[in-house]
Amino acid sequence: MAQTAAASADTFPKLLIRNANIYGSRPGMRHKDYGIWQTWTWAQMLEVVRAYAVGLQQLGLKRGETIAIVGGNRPKLYWSVMAAQMLGAIPVPVYADAVADELAFVLAHADVRYAAVEDQEQVDKITSVLDRLPRLERMLYDEKRGLRDYDHGNLRAMDDVIAEGRKSLASDPSVGAMLDAEIAAGKGSDPSIILYTSGTTGRSKGVVLTGERSIAAATDTVTFDKLTVDDVALAYLPLAWVGDHYLNYAQGLVSGFCMACPENADTAMADLREIGPTFFFAPPRTMEVLLTRVMIRMEDAGVLKRKMFHYFIGVARQYGEKILNGEPVPLGGRLLYWLGNILVYGPLKNVLGFSRVRVAYTAGEAVGPELFAFYRSIGLNLKQLYGQTEAFLYLTAQPDGEIYSDTVGRACPNVDIRIAEDGEVQFKSPGMFAGYFKDKEKTAEAMTADGYVKTGDAGFFDEKTGHLKIIDRSRDVGRLNDGTLFPPKYIENKLKFFPNIREAVAYGDKRDFVAVMLNIDLTAVGSWAERNNVVYASYQELAGHPLVYDMIEKHVAEVNRSLAADKLTAGAQIKRFLILHKELDADDGELTRTQKVRRGFIAERYAPLIKALYDGSSEADISTEVTFEDGRKGTISARVKIRDMLTEPAPGALEKAA
Amino acid sequence: MRAPSGTGPEVAVGDVLLSVENVSLSFGGVKAVNDVSFDIRKGEIRAIIGPNGAGKTSMLNVINGFYHPQQGRITFKGETRPQMRPYEAAHGGIARTFQNVALFRGMTVLDNIMAGRTLKMHASFFWQLLHFGPAMNEEVEHRHFVEEIIEFLKIQEIRRTPVGRLPYGMQKRVELGRALAMEPELLLLDEPMAGMNLEEKEDMSRFVLDVNDHYGTTIALIEHDMGVVMDLSDRVVVLDHGIKIADGTPDDVKKNQAVIDAYLGVAH
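Chains A and B, in that order, give the protein sequences. Just so you know, we're using the numbering used here here: the first sequence kicks off at 1 and counts up by one. Just so you know, we're using the numbering used here here: the second sequence kicks off at 1001 and counts up by one.
Everything labelled a hint here was simulated from the structure, so no lab data went into it. Some hints could be false.
Claimed, not checked - Within a straight-line C-alpha distance of at most 20 Å, the following computed PhoX-like cross-link-like pairs (lysine-lysine) qualify:
1) B:Lys1154 with A:Lys144
2) B:Lys1254 with A:Lys32
3) A:Lys582 with A:Lys596
What the hints assert, rightly or not - Away from chain B, derived, C-beta distances all over 12 Å, residues of chain A:
4) Lys62
5) Lys144
6) Asp159
7) Thr228
8) Met269
9) Arg356
10) Gln426
11) Val453
12) Asp462
13) Val477
14) Thr484
15) Glu553
16) Lys596
17) Ser617
18) Ile622
19) Lys641
Said to hold, decoys possible - Partial list, computed: chain A residues near chain B (C-beta under 8 Å):
20) Arg148
21) Glu263
22) Asp644
Think of the CB as a built atom: it goes at the ideal place given N, C-alpha and C, for glycine as much as any other residue.
The task is simple: from the sequences and hints, build the whole structure.
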């Protein structure tokens, strides 16, 4: 089915029409509103989107123009994407939590004339930077609240636009015919969407993707994971991120599965449980947060429950993954696991909303092996994939039954991957981007002479399994002054597996030793503080508490032990650490919008702390500027303590001593 | 939004919705309110301020019929009543929140707000017991209205959480929701921001303004935070020791010497 789709429809609007024809009465989208799951079938969706497209056309949106989409995962914003695509206009989704400055950059760079936004907050944000957006003419909004008294000269409610379109369609048959002609005129090679990268380094770039390539890529993975019209996915990740556009929008349209939009960002995890998706994607960080939450709740549980939980998690750790992978397991182990499934794993998966999950993926950054193993051991078919915006997400994915926590799987069907001489991963894929928007120079930089795209990641193919292994961003992997390999991500992930540690930033390239800066997890450490009568008023105070330092020191020591176990990394043990006085935040530019650490920027910003880490002082003063959500700025200053760590002897050294 | 469904004649925006004339209230020898007159116009946000013990809460209690003044008259929507009982006030379209949160702590947020709809329920006790037929239809209708409020106040994620487990600021918000469920014409807020931090205050201020704007509800509020009062309200009445010492726009009141002396000390 999926293959024929690719052959017949080369744009998403054409796929929508196909779905309305063959899956007309099947749910295409759900949204929790007023406490109830509202459902639209594919046929209903087509009707709304057609009306919306006509409304947009009457407002003047034309083929080839761009329209910004700003907001959360709401049906009307997805329909804005579809309606724009029907007219041959190019949607440009922007992260809903982008601060005004970032928003202004993207909107100006993408030359948008129209913006479809979620609510008053986004309208206000855009209005505040209007002087930088001379081309912006009109904003459409979904949520009416608070906007009644605004000047509606260039502001329209999406509902009204849809209603007007619907009226025109009903009263004049030629309108519908004209729209059909527009849809038919859409070519697969036209730009379908522009996705701005999160920008780990520097300003974000607009990645232009075409319809036929997007659909080809999505068709391959839909086949690979056997997704059908019966599947359900929860669309809770940022709309502007390639993952959401690929996993939910593109795969949904290709396979016809139902995409569910949560009530709002805060309820996503509760909605996950209600919807019970069969296909699930979460970045490692979300998986971490979920695990942390479970662990905290278990600490507060009664003795019996706690004992039972830890015992069966132990059982799962021993047998769970083997059972999932179909490896031989002794009968006793199977029985224990079966019992554990009834008592612990089943209920746990139910609480997390994973009961019906058939395929789950994690990607975005390297996942901690312990974290990965935990979810697999309780029977969740969690797999890794590797990709990037320029490839329209997928490059590699782990096939069922071939799961290793340290690889990202085989190349996806029709994807051609090679390793350059310097270790960089390069690819050619069906979903490959058409170029960066308005940036020929950058596009040329990202490509090799023979048409491969450079990923900027260092990796190699594992000889045993044939899977790709990603070491790190190739420019991130460094060496200590004595020549020892220093993989920062690897160390950071080991640290972040502890629920108490939320974020870690490791330094060591061209230095004498490895030092790390940490963020504690306020929920986990806060709950620990409550149980241990540690009084604190703020994150800053808790982070600087000596008992917290003691606890974190134990975690770091454990990481050192595990680093020491491997000859390659034994030299990269952590010698000194500190706990930052503030949480790293994307609003301050310390994380990307996809929550990745921007190591270089942080090093500049916290230069006095880095200096202190390496000059042996036991504390350092730091004062940093913080940006509040509304764009105001303030400063936080603090005296941060630094702890020294003992390092474990490397395995080689031990042999020598013996 | 449906029109407020209180009884009595409709009052146009800008006209006097409620007027208090020469009201005095004393407890034994203590005069809590002494010969106070002011009015509240339809659609405005009216603040009542004053130092501790000035008689602000007593005034609210007089307005919603909890206390009965020894002297004076209260006219609500053109009807003058010397004595009005709280349930009459509620039926007439006056709702309030309390200085100390008054919610059913063991019940969920949803149930608490649904409780605010009780006055609007018409199905007989018999049908309600059966939870069937008219009672069921009615409940669906009311639930829809309550869900609108939940969305309006952005408390979807705590819909099913027992109120007792919520932080104080959230409880205040739920209480506002409970009052809104009555579709009041006049909403009395007794220190809606007491004990809140800056962020919570900003949120609450936003909601008060939104309620006024979206539902068109007339609001009378008591508040100690001068910044909040001056920003939110259209007109302010100042009480001191039970006596009205000033009445006017925030700017007028700020400049009034009697107010500065009695209450503000120095102009902020």
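How the hints compare with the structure:
1. B:Lys1154 with A:Lys144: Measuring from Cα to Cα gives roughly 14 Å; hence the hint holds.
2. B:Lys1254 with A:Lys32: Not satisfied, since the Cα-Cα distance of roughly 47 Å exceeds 20 Å.
3. A:Lys582 with A:Lys596: At roughly 16 Å apart (the allowed maximum being 20 Å), lysine 596 (chain A) and lysine 582 (chain A) satisfy the hint.
4. Lys62: Consistent with the label, lysine 62 (chain A) stays out of reach of chain B, its closest Cβ about 35 Å off (over 12 Å).
5. Lys144: Nearest chain B Cβ is 9 Å from lysine 144 (chain A), so the label is violated.
6. Asp159: It holds; aspartate 159 (chain A) is separated from chain B by about 15 Å at its closest Cβ, greater than 12 Å.
7. Thr228: holds (31 Å)
8. Met269: violated (9 Å)
9. Arg356: holds (21 Å)
10. Gln426: holds (44 Å)
11. Val453: Nearest chain B Cβ is 41 Å from valine 453 (chain A), so the label holds.
12. Asp462: holds (43 Å)
13. Val477: holds (41 Å)
14. Thr484: Correct as stated: the minimum Cβ-Cβ distance to chain B is 46 Å, above 12 Å.
15. Glu553: holds (32 Å)
16. Lys596: holds (26 Å)
17. Ser617: For serine 617 (chain A), whose nearest Cβ neighbour in chain B is about 35 Å away, the distance exceeds 12 Å, so it holds.
18. Ile622: holds (24 Å)
19. Lys641: Non-interface label stands for lysine 641 (chain A): nearest chain B Cβ at 28 Å, farther than 12 Å.
20. Arg148: Holds - the Cβ of arginine 148 (chain A) comes within 8 Å of chain B, reaching about 7 Å at its closest.
21. Glu263: holds (5 Å)
22. Asp644: Where the cut-off is 8 Å and the nearest Cβ of chain B is about 38 Å from aspartate 644 (chain A), the hint is violated.
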